[in-house]
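Q: Chains as they are written, first to last, in this note's numbering: chain A, 1 to 370; chain B, 1 to 318.
Keep in mind that a hint or two might mislead.
The list that follows gives simulated cross-link-like pairs (lysine-lysine, DSSO-like), each with its CA atoms no further than 27 angstroms apart [what the hints assert, rightly or not]:
id	chain 1	residue 1	chain 2	residue 2
1	B	Lys209	A	Lys164
2	A	Lys361	B	Lys314
3	A	Lys317	B	Lys237
4	B	Lys50	A	Lys163
5	A	Lys361	B	Lys237
6	A	Lys164	B	Lys262
7	A	Lys163	B	Lys237
8	B	Lys303	A	Lys180
9	A	Lys291	B	Lys179
10	A	Lys164	B	Lys268
With the C-beta cut set under 8 angstroms, the calculated list includes, among others, these residues of chain A facing chain B [stated by the list, open to error]:
id	residue
11	Glu26
12	Asp39
13	Gln43
14	Pro46
15	Glu47
16	Ala49
17	Thr248
18	Lys312
19	Pro316
20	Thr342
21	Gln353
Please keep in mind that the hints were generated in silico from the structure rather than gathered at the bench. Ideal placement from N, C-alpha and C gives every residue a C-beta, glycine not left out.
Here are the chains, one letter per residue:
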Amino acid sequence: MKKVSFAHMGYSYLGFKQLLEEMGFEVIVPDNPNASTLDRGVQYAPEFACIPFKTVLGTYLEILDRGAEIIITSGGVGPCRAGLYGLLHEKILRNLGYEFDMCVFDPPLTGLWTFFRKLRKILKETNISWLAFIDIVRRAWKKLKLIDELEQLAINIRPYEVKKNDTTRTFNQCLKIVEKARSLYQLDNAQMECRQLLNDIPQDRSRRPLRIGIVGEIYVMLEPFMNLDIEKKLGEMGVIAYRSIYLTNYANSDILSHGTMDIRRIAHPYLNQFVGGHGQNSVGETILYAKNGFDGVIQLAPFTCIPEIVAKSILPKVSRDFGIPVLCLTIDEQTGSAGVETRLEAFIDLLCQRREQMEAKNNESLLFGY
Amino acid sequence: MNPCYLGIDVGSVSTNVVVISSDGDVLTSLYLRTQGKPINAIKEGVRKIKENLSKDVEIAGTGTTGSGRNLAGAIIGADIIKNEITAHAVAARFEVPSVQTILEIGGQDSKIIILREGVVTDFAMNTVCAAGTGSFLDQQAARLGIPIEQFGELALKSKNPVRIAGRCTVFAESDMIHKQQMGHNIEDIINGLCEALVRNYLNNVAKGKEILPSIVFQGGVAANVGIRSAFTNALKKEITIPRHFSVMGALGAALLARDYIKNNPGTKFKGFEVSEENFEADSFVCEGCSNLCEIVNIKEEGKLIARWGSRCGKWDTI
């Protein structure tokens, strides 16, 4: 059976691993990207390509060296360059002398027939029926949803943890449990067990964490190596960092339900066209966070990312109009972790002082009214 | 005994130490060159500041800030470790209560901090390049053979400043050399450089920020009268230079320590003896997973006192 691999994005590899393994492929699971992955990507990527391009290229080089024969990836539509990254990656890797099949899945609605044909080609390799395939997809999807749920749970618990790192350690333990669960029944059990483990972490519920919304480009949001573990860092600084994108778009937060609201419509008064990637979302979600009483918003933008540059130039106006502080972090291979930490710490100090000031004002006006 | 508070700001270029009384008066301050050896600079700073203090001074609290704040915190035993943006804002608000804009230019970074009603509402730091910060001025002064202290005064003597490209230090330097070769006099070139630096700051770091008075200019570069006057000309507003402009970060850290101790009595300060002790730093790469984190150990007299760098937290406990 052919050896299949894919790009690494957050914890989604657990779902993709299961999907491909059950289809009968030999799966090469990409490692967490690290500094040397990025170095290799940077070496062969165009200088002004964004950091997701470089990191993914580095990951491909690693998995090809480990013997991958098929690489499965996603395409895209619209002005964001990432839609063409699959093709460019393939060209660069072939020029370096690698032999492999690249299978780029564009969103089905952009071409239903092409999508179907590509899928059939993959299925032919494995001889599984469509019916069996549907069952496999359903379970992998459930796994992905479960991982997203646990990630959110961890984010909500971390600011309350009594002992530093408890949440991160327990979350990593949960990932191992989820990895082993395959059937729907096992996944249900894993869900119960992991929820229990996370909820059992000793917590100090008297704390009042700040709530910060994170917006930006999907890859730097989902891959902790890219965003320098921003959710963990913020959590340990006493912040609940809501993320606007989860891979399965699963948002179990009752404050911010994405399924019912059309983010683009909300963004419309400030940005009335699709600029590619998540540019319009970054604007719309910032407004939504402000309306829901969040303390602040952090935008994660890869350096040279056009959709996020457009959003970045609009966000100061949104910030003024809605009275919500916005911090923009531009990320590329030159980004130093010390600089990011300094900015995050200062931003949190700003938000804390702002909250105290607003609460003091509210108390004053209450007294005055009395 | 007289309770006092110690603040240390370990920056890329300078290490500053301040001791304040409980009223916030600066008793003594120091401005040392870090010279790439932060551990030595911190020890040296602690040793020298002790010499300047009277016998009845008792350190009741300590704060550290700057890019080396964690290192300094581990070495002296800090009660509070704060980022430099907050520290600078605290100090400026203390010195100039009406402050609404802080312009800060240090050795390798420059920042703008916006305050309204005494609370920080926005800030920015230089991101792409260190052009237009203290190190560059230092380097150019050295290249022209002018002591950095006289750099600003020379700029003020200029009648016709030349325009220098200020976006990037390398290109700024080639532009300066070119202008010298064209025959422009040195005062005009230096003044042109001051203007380029201020232009670069206002167009990058301060882009889109509302600069309202009172405007406070601090950081080592505020000593440079050429830059001061270039700011006044560009903003067409009065600029205040606080008394302790060069050690504002350390002052902020000391003030933060004072406020922290008020609510959490009992300092962690190890005493001035740390200047006699032997501190070492070493690092290794953890191969526990593919993250390959670089772990740094800080040792005091061979005993491990702090460790950082791991993403999973495995090495955080000592």
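Q: Need the status of pair A/Lys317, B/Lys237: alpha-carbon distance at most 27 angstroms?
A: holds (25 angstroms)
Q: Per the CB criterion, is A/Gln353 less than 8 angstroms away from chain B?
A: holds (5 angstroms)
Q: A/Lys361 and B/Lys237 were given as a pair; does the straight-line alpha-carbon distance stay at or below 27 angstroms?
A: At roughly 31 angstroms apart (the allowed maximum being 27 angstroms), B/Lys237 and A/Lys361 break the hint.
Q: Taking only the CA atoms, is the gap from A/Lys291 to B/Lys179 under or equal to 27 angstroms?
A: Given pair A/Lys291, B/Lys179 is violated - Cα atoms ~54 angstroms apart, limit 27 angstroms.
Q: Assess, step by step, whether the Cα of A/Lys164 is no farther than 27 angstroms from the Cα of B/Lys268, and give holds or violated.
A: holds (20 angstroms)
Q: Need the status of pair A/Lys361, B/Lys314: alpha-carbon distance at most 27 angstroms?
A: Distance ~43 angstroms between A/Lys361 and B/Lys314 Cα, so the pair is violated.
Q: May I ask you to test the interface hint for A/Thr342 with respect to chain B, counting a Cβ-Cβ separation under 8 angstroms as satisfied?
A: The hint holds - A/Thr342 has a Cβ within 8 angstroms of chain B, the shortest such distance being about 5 angstroms.
Q: Is the hinted pair B/Lys209 and A/Lys164 satisfied, with a Cα-Cα distance of at most 27 angstroms?
A: violated (37 angstroms)
Q: Starting from A/Lys163, check that the Cα of B/Lys237 is at most 27 angstroms away, please.
A: violated (50 angstroms)
Q: Identify whether the interface hint at A/Ala49 stands, where standing means a beta carbon of chain B within less than 8 angstroms of its own.
A: At about 17 angstroms, which exceeds the 8 angstroms cut-off, the nearest Cβ of chain B leaves the hint on A/Ala49 violated.
Q: Under the criterion that the straight-line Cα-Cα distance not exceed 27 angstroms, is the pair B/Lys303, A/Lys180 satisfied?
A: Status violated; Cα separation ~42 angstroms.
Q: Do the numbers back the hint for A/Glu26, that is, is its least Cβ distance to chain B under 8 angstroms?
A: Violated, because the Cβ-Cβ distance from A/Glu26 to chain B comes to roughly 20 angstroms (cut-off 8 angstroms).
Against the hints set out earlier in the document, violations occur for numbers 1, 2, 4, 5, 7, 8, 9, 11, 12, 13, 14, 15, 16, 17 and 18.
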